[in-house]
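*Asks:* Residue numbers (the numbering used here), protein chains in the order written: chain A, 26 to 258; chain B, 26 to 258.
Derived from the structure by calculation, the hints contain no laboratory data. One thing to keep in mind: the hints can contain errors.
Just so you know, same-sequence chains aren't split out, so a pair can sit in one copy or run between any two.
[To be verified] Derived DSS-like pairs (lysine-lysine); straight-line CA-CA distance at most 30 Å:
1) K219 / K36
2) K91 / K237
3) K108 / K91
4) K76 / K96
5) K140 / K155
6) K134 / K91
Listed below are the residues making up each chain.
Protein chains: 2
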Amino acid sequence: MYWFYLADIPKKKIFLNQEESRHITKVLRYGIGDTVYLNDGKGSVYQCIIKFIDKKGCELESIAVKHHPQKEYRIHIAIAPTKNNSRFEWFLEKATEIGIDQITPIYSKHSERRKIQSARLNKVLIGALKQSCQAYLPKLNEPMCFNDFIVNSGTNDSDMFIAAFHEENQELSSIYQRGEDATILIGPEGDFDKTEMDLALSLGVARVNLGKSRLRTETAGIVACHTISLINQ
Amino acid sequence: MYWFYLADIPKKKIFLNQEESRHITKVLRYGIGDTVYLNDGKGSVYQCIIKFIDKKGCELESIAVKHHPQKEYRIHIAIAPTKNNSRFEWFLEKATEIGIDQITPIYSKHSERRKIQSARLNKVLIGALKQSCQAYLPKLNEPMCFNDFIVNSGTNDSDMFIAAFHEENQELSSIYQRGEDATILIGPEGDFDKTEMDLALSLGVARVNLGKSRLRTETAGIVACHTISLINQ
Numbered sequence: 026m027y028w029f030y031l032a033d034i035p036k037k038k039i040f041l042n043q044e045e046s047r048h049i050t051k052v053l054r055y056g057i058g059d060t061v062y063l064n065d066g067k068g069s070v071y072q073c074i075i076k077f078i079d080k081k082g083c084e085l086e087s088i089a090v091k092h093h094p095q096k097e098y099r100i101h102i103a104i105a106p107t108k109n110n111s112r113f114e115w116f117l118e119k120a121t122e123i124g125i126d127q128i129t130p131i132y133s134k135h136s137e138r139r140k141i142q143s144a145r146l147n148k149v150l151i152g153a154l155k156q157s158c159q160a161y162l163p164k165l166n167e168p169m170c171f172n173d174f175i176v177n178s179g180t181n182d183s184d185m186f187i188a189a190f191h192e193e194n195q196e197l198s199s200i201y202q203r204g205e206d207a208t209i210l211i212g213p214e215g216d217f218d219k220t221e222m223d224l225a226l227s228l229g230v231a232r233v234n235l236g237k238s239r240l241r242t243e244t245a246g247i248v249a250c251h252t253i254s255l256i257n258q
Numbered sequence: 026m027y028w029f030y031l032a033d034i035p036k037k038k039i040f041l042n043q044e045e046s047r048h049i050t051k052v053l054r055y056g057i058g059d060t061v062y063l064n065d066g067k068g069s070v071y072q073c074i075i076k077f078i079d080k081k082g083c084e085l086e087s088i089a090v091k092h093h094p095q096k097e098y099r100i101h102i103a104i105a106p107t108k109n110n111s112r113f114e115w116f117l118e119k120a121t122e123i124g125i126d127q128i129t130p131i132y133s134k135h136s137e138r139r140k141i142q143s144a145r146l147n148k149v150l151i152g153a154l155k156q157s158c159q160a161y162l163p164k165l166n167e168p169m170c171f172n173d174f175i176v177n178s179g180t181n182d183s184d185m186f187i188a189a190f191h192e193e194n195q196e197l198s199s200i201y202q203r204g205e206d207a208t209i210l211i212g213p214e215g216d217f218d219k220t221e222m223d224l225a226l227s228l229g230v231a232r233v234n235l236g237k238s239r240l241r242t243e244t245a246g247i248v249a250c251h252t253i254s255l256i257n258q
């Protein structure tokens, strides 16, 4: 089964653009009358019939809708974009497959990259959403400075963790409580600056390890996401 | 801290080649008398002093050795190489960072790739080993046909699992026993063939899910590896 994606799905006539239509006809080899599933990324998956196809796109008619309930916990990862763009895109793809809810790119003192291409990154999220048949599109927030993020997030209800390997730290897996929302901060290759870490600790953020080895930024992001996901299985 | 890698470390004079020497002088900016750590990938990490450097390489003298004990369980992943080579390399890099022991590339009926470049893949493993400061280099086995692998592996002591999403399956995390060796089979994009799955099940291999979503081959490999690693934390 394959789920196509369309952010806003009209009630009656549904049009899919040329790119999606090409996928339907050339890759899946579907024709008029065949069934296509359409996901709005907000939990609803529409069962549709192909009514019409031409070079410019195709027209679908929705015949049924299934609403998928949200999971009970949220995973939010605030992460420093990697110097190598493809590593950051890998993180987004894999975290989406595993099941992330929100990503905030954060710029910290040791950040090696201070610009992201949101449109391109959102395409990565949509691609992974379609591929993994999930009903909720993760939200890619606007990038924020570390200090702004941590001060502004202090008032939300999510448990907050900061990953930084240290022998005395507890493992994320041993202090995270199943069912709770989790926000996890992942630093750049050079790690968070001492003043940033001190600010986080002063605001009650828990410093955690993500296992016994030294992980690259994007690996730490995936490991953090999968840790929370696995504990909630 | 950075650990260099040399498979066979002589007792007295140790030579590092031009590439590693360049890393020492140009990236780390070390000089004669500085301390370098050298990992043999078999658990021993040598503390060495730089005695001599020139364009062709550098000479080290070992002054102390620390042996790192192996962990109590082994993770072996038998996985179909992906059509896109970089996805397979990405799996090897991330699994090494997280902590894998053995990888066997397997060719199944739906495999999209039936050739691998072992030398290049071993370089990926070594790169990830150095980066993540781990003492044991994972072993990349020769590729095998699915049937040969599964029949020959029946006699070893490792618990064996085959990943294939099915509503009735148990989760890998719920049936794997902490401390046990685990071998996990991960199929190609088109999944294992029915005859392959039947053979596995007839030999007592447990069919498992790796979460609720449909994962790409390389993501399934990482998730399986991290699941075993996390349960043993």
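*Asks:* Now tell me, hint by hint, if it's right for this structure.
*Replies:* Cross-check of the supplied hints:
1. K219 / K36: neither (53 Å within a copy, 40 Å between copies)
2. K91 / K237: between (42 Å within a copy, 17 Å between copies)
3. K108 / K91: This pair counts as neither: shortest intra-copy Cα distance 41 Å, inter-copy 33 Å.
4. K76 / K96: So K76 and K96 fail the 30 Å test inside a copy (34 Å) and across (59 Å) alike.
5. K140 / K155: both (26 Å within a copy, 29 Å between copies)
6. K134 / K91: neither (45 Å within a copy, 35 Å between copies)
Of the numbered hints stated above, those contradicted by the structure are hints 1, 3, 4, 6, listed in ascending order.
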